[in-house]
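Participant: What follows is the residue order along each chain.
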Amino acid sequence: MKQIWVRTVLGGCLAAGLAASASAETLTVWSRQTEKSSAVVDAVIKAFTDKTGIKVETFYSSVDFEQRLARAAAARQLPNVVINDASQVGHMQKMGIIEQIDRDQIEGADKVSDTAWKSAEGSDGNYYAVPISAQAFALFVRKDWREALGMEQPKTWEEMRALAQAFTHDDPDGNGKDDTFGISIPASSTRGYASWFMSHFLWQAGGGFVTKTENGFLPALDQPENAQAVEFVRGLICDGLSQPGAINATTADSLPAFRSGQAGMLVDGPYDLGEIAKEPGLDKTEVIVLPAGPGGIAALAEGTSAYMLKGNKDKDAALQFMSFLISPEAQEIGMNVGSEVTPLVRLPVNEDIDVLKMRNDPRWEVYQKTFQDYGHYMPSVPDWTPIRQMTGEGFNTILAQCDGDIPAQLAGLNDQVADALRDQDVLDPSYN
Amino acid sequence: MSDAKVEDPRANAQGRTPKRRRLSRKFGRSLVPWLYLLPALVIFSWFKFYPMVLGFVMSFYDIQFYAPSEWVGLANFSRAFHDTQLMVAIGHTALYVIAETFGAAIVAFFLAFALEGQARHIRFIRTAIFLPAITSVAIIAEIWRIFFNSAQYGLVNSFLDLLGIPAQGFLTDPDQALWVLILMSIWKNAPYNMVIFLAGLVSINRELYDAADVDGASLWRKIWHVTLPGIVPAISVVIMLSFIRGFRVFTEVYATTGGGPAGSTSTIMTHIYKVGFEQIDYGYASAVSFMLLAFTVALTLLHTKIKSKFFG
Amino acid sequence: MKTSLPLRVAKFVVYAIILLIFVGPFWSIVMTAISGVSLKPGQLALLPQSPTFDNFKVAFLDMRVWRYLLNSMVVVSFGTIAQVVVSALAAYALARKKFRGAAIVSLLILSTLMLPEEVIAIPLYLVTIKQLPVIDTSIYNTYFAMILPVVGWAFSIFMLTEFMRAVPKELEEAARIDGANDWQVFGHVILPLIRPALGTVLIFGFIMIWDQYLLPLVVINDRDLETLPVALASLRSDPSITPNIIVAATLIAMAPSVIVYLLLQKHFNRGLMAGAVKG
Chain D
1 MKQIWVRTVL GGCLAAGLAA SASAETLTVW SRQTEKSSAV VDAVIKAFTD
51 KTGIKVETFY SSVDFEQRLA RAAAARQLPN VVINDASQVG HMQKMGIIEQ
101 IDRDQIEGAD KVSDTAWKSA EGSDGNYYAV PISAQAFALF VRKDWREALG
151 MEQPKTWEEM RALAQAFTHD DPDGNGKDDT FGISIPASST RGYASWFMSH
201 FLWQAGGGFV TKTENGFLPA LDQPENAQAV EFVRGLICDG LSQPGAINAT
251 TADSLPAFRS GQAGMLVDGP YDLGEIAKEP GLDKTEVIVL PAGPGGIAAL
301 AEGTSAYMLK GNKDKDAALQ FMSFLISPEA QEIGMNVGSE VTPLVRLPVN
351 EDIDVLKMRN DPRWEVYQKT FQDYGHYMPS VPDWTPIRQM TGEGFNTILA
401 QCDGDIPAQL AGLNDQVADA LRDQDVLDPS YN
Chain U
1 MSDAKVEDPR ANAQGRTPKR RRLSRKFGRS LVPWLYLLPA LVIFSWFKFY
51 PMVLGFVMSF YDIQFYAPSE WVGLANFSRA FHDTQLMVAI GHTALYVIAE
101 TFGAAIVAFF LAFALEGQAR HIRFIRTAIF LPAITSVAII AEIWRIFFNS
151 AQYGLVNSFL DLLGIPAQGF LTDPDQALWV LILMSIWKNA PYNMVIFLAG
201 LVSINRELYD AADVDGASLW RKIWHVTLPG IVPAISVVIM LSFIRGFRVF
251 TEVYATTGGG PAGSTSTIMT HIYKVGFEQI DYGYASAVSF MLLAFTVALT
301 LLHTKIKSKF FG
Chain G
1 MKTSLPLRVA KFVVYAIILL IFVGPFWSIV MTAISGVSLK PGQLALLPQS
51 PTFDNFKVAF LDMRVWRYLL NSMVVVSFGT IAQVVVSALA AYALARKKFR
101 GAAIVSLLIL STLMLPEEVI AIPLYLVTIK QLPVIDTSIY NTYFAMILPV
151 VGWAFSIFML TEFMRAVPKE LEEAARIDGA NDWQVFGHVI LPLIRPALGT
201 VLIFGFIMIW DQYLLPLVVI NDRDLETLPV ALASLRSDPS ITPNIIVAAT
251 LIAMAPSVIV YLLLQKHFNR GLMAGAVKG
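Chains as they are written, first to last, in this note's numbering: chain D, 1 to 432; chain U, 1 to 312; chain G, 1 to 279.
These aren't lab readings, by the way, just hints derived from the structure by calculation. All the pointers check out, no bait thrown in.
Pair ranges (Cβ atoms, derived): (1) D:Gln77 with U:Val42: 21 to 29 Å; (2) D:Asp178 with G:Trp27: 21 to 29 Å; (3) G:Pro48 with D:Thr26: 47 to 55 Å.
All C-beta atoms in this analysis are idealised placements derived from N, C-alpha and C, irrespective of residue type, glycine included.
Assemble the whole structure, with the sequences as input and the hints as a guide.
Facilitator: In structure tokens:
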């Protein structure tokens with residue numbers, strides 16, 4: 001009698017539980033967003049819930065995001081989907097917290113350009129994320145300053161330096177004070193900013209961090225092209241053409257330096273267009289393709305991806321969500337046209353969407369063109385984070401020592417990179 | 001704290017046989033201290049000791065976050081001895097601790113001299129200059145970044161300009177950055193130390209000064225022979241606190257220079273943070289942290305020994 | 001007191017310099033917060049430029065600083081009181097009782113001050129997220145997770161231990177002869193005598209809990225429960241928020257510590273002094 005009673009109650013509970021979980025699926029999504037930019041993600045998610053009935057719980061943070069994931073992994077309390085920088089793919093794969101993605105499982109995967117998919121590739125050639133946004137970097141210039149001094153848009157390093165000199169010394173804002181600088185540079189070693197900033201210039205010089213070979217990677221920082229790039233940037237800092245404190249600056253410092261009229265140039269992505277529109281204003285600024293170095297034009301390409309995390313009980317819902325993110329509907333909402341808030345989708349990855357039609361703005365054309373024609377992703381070594389950290393530290397050191405021997409310093413850094421590649425078992429054995 | 005509801009421990013024993021009573025009393029007496037300690041021990045075990053043990057265990061593993069972690073024995077510890085960047089960071093930290101300790105002590109000593117007394121305006125100044133000591137480090141770091149900005153129009157640079165000194169790099173100059181951070185730390189801690197020294201000064205027997213005056217001692221000799229010995233206990237407190245604080249200095253550095261420029265301000269903790277937490281290598285971070293813990297505990301014991309040997 | 005004029009002038013100059021160095025920076029922070037003009041990085045206002053309280057309004061309402069302030073208040077009020085009570089009890093045992101294991105307990109407690117807290121971030125997270133055996137629930141993502149861990153603070157235990165040791169044995173003995181039990185000695189003899197120390201510990205405890213950054217970061221996963229230091233870090237990482245507003249928010253965050261210090265500073269100064277005399 002008692003047993004039957006127990007069984008009925010238990011069975012009832014189980015059935016109720018099952019029914020509840022079937023009708024009210026809940027997906028947990030984490031994303032690195034600020035208080036403001038999270039509104040855009042919320043809009044996309046609302047559209048998803050309206051369409052599928054799948055409820056989504058969200059958590060946004062702009063500080064400590066990676067650490068939070070690490071802790072959640074340690075407690076097996078990972079969210080179902082994470083929306084974060086595409087460059088995190090190697091790192092998250094190394095932590096072992098993300099699932100491999102089969103392109104066939106993602107509805108509309110064929111609409112996403114191969115270039116974008118490239119950013120979701122792990123070092124083993126498989127995909128570990130779904131790209132949802134792409135972006136490249138371009139040069140913001142204070143148009144009003146440039147025109148006041150009668151200068152041309154810089155097309156080469158030499159012209160860029162000349163413009164920086166003029167901005168620094170010729171009082172471009174006409175306030176009679178010597179308080180302006182050429183270019184705003186984030187050269188701090190924190191989170192590897194210096195490495196991130198130098199990447200454009202290494203490629204523009206015709207160099208790069210590493211070379212991919214058949215048997216792995218070879219460190220390439222000792223190539224003379226890279227020395228040229230470092231010397232050019234060091235000149236900007238050491239000759240006082242960059243904002244004061246550039247050597248300790250992160251992007252949280254370099255953006256305000258440009259916005260406040262302290263510096264007249266800034267290498268930046270399209271995500272800050274809204275902020276720059278507010279101050280100093282779009283009429284006072286212009287966006288141009290990064291000036292060419294001895295090796296031509298080049299810029300860092302980045303993206304944002306959606307990752308499916310391990311321990312997912314309902315993979316189907318997660319895949320549905322990720323498929324939705326690349327759909328034209330979600331991409332359009334994510335672009336957040338007509339608002340100053342940082343969009344989730346910068347350059348859409350869905351080829352059916354024409355960014356130039358949606359955003360009637362020549363600035364976006366520059367970003368689009370740069371991404372398609374001149375974009376370089378960071379090398380796809382298994383885990384770029386330690387190398388970014390190490391080269392960030394290294395470049396910060398070289399840029400801080402105005403009379404250092406650059407080729408020798410780069411050779412030392414190159415050995416460190418080789419060690420890191422060896423640690424990850426991807427160093428080409430031909431390296432001595 | 002009200003005592004009205006508290007029962008007399010002896011009340012419980014009433015009605016028991018004398019023998020049991022004596023036993024339970026003895027047992028009770030040895031139990032009493034632990035009863036007072038109980039709340040603290042529960043909280044500490046739960047949120048400090050147990051996490052510390054877990055952390056210590058982690059230092060023997062190559063921590064994997066999803067796959068099982070791999071036991072590596074003492075590898076994390078031995079790796080620390082070959083970590084050249086860690087050695088550099090230890091050098092910076094040692095310099096920082098020593099310079100900051102002495103700097104803050106000396107400045108505090110002068111402040112204590114200048115601000116001794118009970119006059120209203122002096123009490124006001126004493127209260128006011130305590131502001132840095134109660135302000136959080138993150139805010140202070142922000143203030144110093146702005147004041148010691150390397151721009152010509154930076155506040156300190158503008159002041160130097162008045163004196164005819166050219167603009168300095170401060171936090172952006174590898175040769176100056178660590179010293180600016182030391183100065184910042186002195187600024188924050190000197191007022192705190194001052195209060196402790198003031199207490200020491202107050203406690204010095206006035207007759208000793210009078211005796212020194214009779215002997216015709218100079219001001220310097222008075223300071224050396226009367227004042228300093230009188231505030232040795234205060235100095236001892238200041239040094240110990242400063243060492244415990246100084247060796248794990250982190251936020252002060254991370255929020256101002258991030259360990260740069262050119263690694264010139266890297267400290268033990270910024271190094272641990274970068275290797276362990278930004279690159280997510282928790283095993284190594286734990287290992288180095290526990291070595292730092294062992295070192296600080298040893299230093300504290302040594303300090304206590306020296307203090308009790310020389311000053312009773 | 002008769003002091004010569006040059007000496008008075010010299011004293012005045014010394015006082016002025018001291019105030020300028022230690023308090024001056026805060027002046028310019030306040031001026032920046034009430035300035036309506038946005039400044040270049042590295043600049044602070046020495047005098048208010050087009051003064052306004054808008055920055056405070058934006059910070060308080062639009063940036064929801066009120067919400068984080070409330071959270072901080074809840075955590076700090078319960079945390080500080082519990083911390084002082086727990087520390088006083090523990091200190092009484094360590095200072096006034098002889099028992100086996102006292103030295104090792106002291107050292108264990110003190111050692112928690114010397115371990116960089118970043119190291120126990122993950123273990124602490126695991127501890128809070130685990131289901132507790134009796135109440136069958138986890139304290140993760142609740143106020144409890146921010147309050148309970150700060151209740152145990154070695155610094156306040158040791159501060160109070162030092163002070164309680166300094167209370168003369170005779171006073172305690174006299175009370176016992178009068179028939180006071182242990183608890184009464186604690187409540188009627190020891191505690192009243194160390195009131196300055198309690199004030200000191202209260203201030204330090206308050207500031208320590210108020211400034212907690214890592215703990216709320218680790219144990220909270222809900223923007224609505226975040227405390228001020230975490231929220232301020234988020235604000236700083238948001239490029240769309242101008243420095244004046246951040247400075248205003250920072251000032252709001254600083255105010256409670258300053259108020260508590262001013263209220264308790266009499267106790268505080270006396271407490272520190274008594275402690276130092278003892279060594």
